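Peer 1: Take a look at the letters that make up each chain.
There are 2 protein chains.
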Amino acid sequence: LKTEFDFTFADYPSHVLIRDEFPSVNEIIHAFYPAAGLAEELPILAVCDTNTESLARKILGDDNRKIRLLVLESGEKSKSWESVETILRAAVEAGLGRDGLFIGIGGGVTGDLTGFAASIYMRGSRLCLVSTTLLGMVDASLGGKTGIDLSGLKNLAGTFYPAELVYLPLAALYTLPEREWKSGMAELIKTAVLDSGEFLDLVKKLTFLEEEGRNSSVYRECLKECISRSVAYKGRVVEADPKETGTMRPLLNLGHTFGHALEEAAGLGVISHGEAVAWGMARACKLGLTLGITPPERASEIIEILVNSGYETRTPHPLVKSVDSLMNAMMADKKQRSGHGFGVAKLRFIVPDAESARVVSASDILSGDTLLYKILSGE
Amino acid sequence: LKTEFDFTFADYPSHVLIRDEFPSVNEIIHAFYPAAGLAEELPILAVCDTNTESLARKILGDDNRKIRLLVLESGEKSKSWESVETILRAAVEAGLGRDGLFIGIGGGVTGDLTGFAASIYMRGSRLCLVSTTLLGMVDASLGGKTGIDLSGLKNLAGTFYPAELVYLPLAALYTLPEREWKSGMAELIKTAVLDSGEFLDLVKKLTFLEEEGRNSSVYRECLKECISRSVAYKGRVVEADPKETGTMRPLLNLGHTFGHALEEAAGLGVISHGEAVAWGMARACKLGLTLGITPPERASEIIEILVNSGYETRTPHPLVKSVDSLMNAMMADKKQRSGHGFGVAKLRFIVPDAESARVVSASDILSGDTLLYKILSGE
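Chains as they are written, first to last, in the numbering used here: chain A, 49 to 427; chain B, 49 to 427.
Each hint should be verified, as a subset may be incorrect.
[Claimed, not checked] Derived, one-sided and incomplete: chain A residues facing chain B with beta-carbon distance under 7 Å:
| hint | residue |
| --- | --- |
| 1 | Ile168 |
| 2 | Ser199 |
| 3 | Gly200 |
Read the hints as simulated data drawn from the structure, not as lab findings. In this text the structure is predicted, and so the values were computed from the model without any measurement. Every residue, glycine too, gets a C-beta built ideally from N, C-alpha and C.
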């Protein structure tokens, strides 16, 4: 079982460690500043949110060197410039220079914010992430996407800035709230769908083992293997196509075109990212079925795993007022993400095929709006 | 005389064109979207400031395709996140997608803001700069540094994001206010000092010709050659050391350690960047003299050019209340830029030597504060 990975994303080296336990602060300090003395004031700012504050204090607390900890409000609503500016100002106060270190301790939002701040602080400082959620471990902490929401659009502003060092301590997962757990499981299922039947079988096994609870060592070993496979797959894709200019990285958006629209139509933060992605994957299966790309038994298998994991896959989604609002969100999202595009509708969907998934652009399905309306409404 | 340059800064190609006249909007559109039809709505946002609005309208106005123009307040005070957010929101309204284009028309501040916005919009969009000031042409528009001021610190946040295409239209210079002119001349002199005696002689010739006004064709040819040499030098340095991690790019900070301190002690925006850099170069010469690095005749030559170009080189600087405030700004700046640095003072000065300049770190001059106080106060 592989638990240590050395990736290079574009020019950025990124070392990923899967662990049972949390890293110690001394271990982190030593990794970044091998020559640092014990009593020195260190140019380090740790960032967490209200959910991970006690975890962060546990990691930082046993060190007698002062490391400043900034605690942000938890939740998608914190993914704003205000939070980034708070981090930057705290870094100034903590005396960080160009070689200063930002440590993000938390889930996807904390990682995105800390990463964005680190990437622009003096045009780029050092970055370590301690990922404490399943979503972070299987997706958000890897591959360098940072960002904030703006104008009601998810990740409208951000950078590509992989962390030099990423810890994935499994101990963090066993105290995770159910909603957080579900948010991550969707990305795990997504990765398995993209990777291989073998990985998807492993996820099925995980779901099966979960019925007995998450405490058994069999379950935990299976989870560890899922995370390891997930890291390996995502790392491979991002190494091949770091800035999503090629054909590989777009596949990671399986479920996201529909999912983003759902998140935005419901109001950012109302539906968790993972739940939205899960619902979006079910829509992608339906679209694939209609287009003859997703084999029926494959679509059933994916939707069954989603349902067994407790996801809402029905249409129309109960938390969205009207299918029109969803269509509008998707079209607005399309317009914003792909631009006017010289008359060609550039909206892209990732659709499962027999082996993995493939990209379908809206121009390929220009029975168009009517078809999408059906997929979204279930009519 | 070389007027066209193809640089590669880190991974980013950057094409630089020195011109007598302004580019037409059709030329820009064609460079970025060769397939665009004439009547199409284009995913382009142009940004200028109140100083360059009429120029920008002149460039954009003759096109019947709608290109949205955003006008920012001119001046260093606009170098804030608020401006960047205004640009990002305007880009959303203008329908820019990932392949959308930002055109910055103006000087250093406009370029820094437009570049920063373009670099983070959807994690990186397209960027064209039309530089309209001498400072922009010889320095700011080249080499990819973008940024905003925060917490009273210049460029505290920013990115490395070279423009794909940079126009340097000399026509813009002949309507430049005197203050703007002086701001750019300082960077031109700086580059000549770093580059060669030949280039410095050319700058002396330019200063000499300027006494007859800036309208003669001899003067304008000389200026063009100065800009061409400046672009060639800076491009060479940034290609060798794009992210200032090596030994080359730090040289471009000649005059800046003292200059930034002066800007911050006087209050951001009170003294122009170039005037501060000129004053800082005079200080660097004094420091170099004291340390025996700058030959006396070299120091005299540089200071004479600065004085002849109308710069304040005296100590203490008349716009700074006390030398202490300057020392404090420099030390704060030092702390912020280089961090705690494990006990070693990492403040660096660039000091002219016989041929070019070299880096002197504060630890090399740790008679230290007393010496710096003398350099700043002139006592």
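Peer 1: Confirm or reject each hint.
Peer 2: Status of each hint after checking the structure:
no., hint, verdict
1, Ile168, "4 Å, holds"
2, Ser199, "5 Å, holds"
3, Gly200, "9 Å, violated"
Figure legend: structure checked against the earlier numbered hints; the only hint not met is number 3.
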